[in-house]
Amino acid sequence: GDSVTQMEGPVTLSEEAFLTINCTYTATGYPSLFWYVQYPGEGLQLLLKATKADDKGSNKGFEATYRKETTSFHLEKGSVQVSDSAVYFCALSDHSSNTGKLIFGQGTTLQVKP
Amino acid sequence: DAGVTQSPTHLIKTRGQQVTLRCSPKSGHDTVSWYQQALGQGPQFIFQYYEEEERQRGNFPDRFSGHQFPNYSSELNVNALLLGDSALYLCASIRGGHPELFFGEGSRLTVL
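For the protein sequence lines, the chains are A and B, in the order given. With our numbering, the residue at position 114 of the first sequence is 114, and numbering never jumps. With our numbering, the residue at position 18 of the second sequence is 18, and numbering never jumps.
Mixed in with the good hints, there may be bad ones.
Unchecked claim - Okay, derived cross-link-like pairs now, EDC-like style, lysine to aspartate or glutamate, Cα gap no bigger than 16 Å in a straight line:
# : chain 1 : residue 1 : chain 2 : residue 2
1 : A       : Lys49     : A       : Glu16
2 : A       : Lys68     : A       : Asp55
3 : A       : Lys49     : B       : Glu100
4 : A       : Lys68     : A       : Glu16
5 : A       : Lys52     : B       : Glu52
Claimed, not checked - Computed Cβ-Cβ distance ranges for the label pairs, DEER-style:
#  : chain 1 : residue 1 : chain 2 : residue 2 : range
6  : B       : Leu39     : A       : Ser3      : 29 to 35 Å
7  : A       : Gly9      : B       : Gly16     : 34 to 40 Å
8  : B       : Arg63     : A       : Lys56     : 40 to 46 Å
9  : A       : Thr28     : B       : Asn71     : 31 to 37 Å
10 : B       : Gly28     : A       : Thr28     : 28 to 34 Å
11 : A       : Pro114    : B       : Arg63     : 42 to 48 Å
12 : A       : Asn59     : B       : Gly28     : 20 to 26 Å
13 : B       : Ala2      : A       : Pro114    : 31 to 37 Å
14 : B       : Gly28     : A       : Pro10     : 34 to 40 Å
15 : A       : Asp2      : B       : Gly96     : 17 to 23 Å
16 : A       : Ser14     : B       : His67     : 46 to 52 Å
17 : A       : Pro10     : B       : Glu100    : 25 to 31 Å
To be verified - Not close to chain B: a few residues of chain A, all C-beta gaps over 12 Å, as computed:
#  : residue
18 : Ala17
19 : Ser58
20 : Gly61
It is worth saying that the hints were derived from the structure and are not from the lab. Note that beta-carbon positions come from the ideal geometry of N, C-alpha and C, so glycine has one too.
All chains should be modelled from the sequences, with the hints used to inform the complete structure.
Spelled out as structure tokens, the structure:
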């Protein structure tokens, strides 16, 4: 079945460092891809999305490009801030079903130190 | 515009008891999905409701059941609670034809 694999955390960076969180997926169809962020004690917030190959999602300085050839959707940010400390989840949605079912990776914890 | 709201935010139950969690979707959304997020894990899809019917179900036993009301709000019921049911239960809503889910802050269930 469909699945999502993320790099294991925690990822610890100094403020203003470059961030990459790897995400690869397995899917039989043409999924939409998402990054969600979860701050301590809160629910999930959509960070960015891409619905077809070569699309680039971006928001709040974060970017991810839908790479069909490598089945990847890596999250990047050029300069992280302490406020970016959170858990990041990569997820996919079966584009054909569109029924609100997402398959999530296990999450990657990011810790940014001043 | 209120987002997805869930209640209660925290609750404690003992093994064998039953629990009901509630969710109101974001305004304009007609589809509700429920997820279970164990500590340190990604959310797992439980089921999804649309037009008051269960449309898709994940790999969860029949102890997990749900309901959707005419106003699109939803309930998640879990019977015969086990210690392993301790988790954050997330409700998410979606507007038909759009792939983006909006999540509530969750109900944290502890089973003792």
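Exercise for the section: Kindly indicate which numbered hints from before are broken by the structure, ordering the numbers from low to high. Expected result: Going through the list in order, the structure violates hints 1, 4, 5, 6 and respects the others.
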